[in-house]
Every structure is written in structure tokens, then in C-alpha cells.
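Generate the whole structure from the sequences, applying the supplied hints.
Terminal number for the sequence shown in the working numbering: 81, no gaps in between.
It is possible that some hints are incorrect.
Unchecked claim - Calculated lysine-lysine pairs in the DSSO-like style (CA-CA distance at most 30 Å, straight line):
id: 1; residue 1: LYS76; residue 2: LYS27
id: 2; residue 1: LYS54; residue 2: LYS76
id: 3; residue 1: LYS24; residue 2: LYS54
id: 4; residue 1: LYS21; residue 2: LYS76
id: 5; residue 1: LYS54; residue 2: LYS21
id: 6; residue 1: LYS76; residue 2: LYS4
id: 7; residue 1: LYS54; residue 2: LYS42
id: 8; residue 1: LYS24; residue 2: LYS42
id: 9; residue 1: LYS27; residue 2: LYS42
id: 10; residue 1: LYS4; residue 2: LYS24
id: 11; residue 1: LYS42; residue 2: LYS4
id: 12; residue 1: LYS54; residue 2: LYS27
id: 13; residue 1: LYS27; residue 2: LYS4
id: 14; residue 1: LYS54; residue 2: LYS4
id: 15; residue 1: LYS76; residue 2: LYS24
id: 16; residue 1: LYS42; residue 2: LYS21
id: 17; residue 1: LYS42; residue 2: LYS76
id: 18; residue 1: LYS4; residue 2: LYS21
Derived from the structure by calculation, the hints contain no laboratory data. These figures come from a predicted structure and were not determined experimentally.
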Amino acid sequence: MEFKEQFGEWSMELLSASDWKIRKALKELFRAQGVYIPLNAKETITEQLFAIFKLDTCPVWPEEELALAMVDPNFKCRQMA
Numbered sequence: 001m002e003f004k005e006q007f008g009e010w011s012m013e014l015l016s017a018s019d020w021k022i023r024k025a026l027k028e029l030f031r032a033q034g035v036y037i038p039l040n041a042k043e044t045i046t047e048q049l050f051a052i053f054k055l056d057t058c059p060v061w062p063e064e065e066l067a068l069a070m071v072d073p074n075f076k077c078r079q080m081a
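This is the structure we're talking about:
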């Protein structure tokens, strides 16, 4: 979880202060790199990112969502290995 070194100290306030386009791009980038973040969650993107930054291990992808994500040739996920 290399991203934790760069983003682990970010606060909810800092995330909230960043432009929504940046938060959305971060979520899409993390998903493309294999970090599971639900697409249609009840939490806001800010809440989702903040929760991911505080985890000690990467969340496991649900099989159905993993299969859909694998269609993208740029998708990378250690769970597939």
C-alpha cells in the first residue's frame, strides 16, 4: 500500500478542501491500480478516500466487481495474482 506513505497523513478537512475533480480522479486512479473502493457507496468520495488512507491492508475486491474491472486492460490488482 505505497499510497499510504503519500496520503496517510491527509485529514478529512484536507480532502474536503480539495476540488471534487481531484477526489474523483484519486478514486479512479486507486481503483485502476487495484485498490478496492466501491463505486456506488453510501459514503461520499471524501469519506471513502479517508477510510482507505487509514487501512493497514488493502480491501478485498468482491468477485463480481473484480471481474468487471478486469475488462480494462490497464487494470492492475495483486488480488488477481
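Practice problem: Give me the numbers of the hints this structure contradicts, sorted from smallest to largest. | Solution: The structure conflicts with no hint, since it agrees with every one listed earlier.
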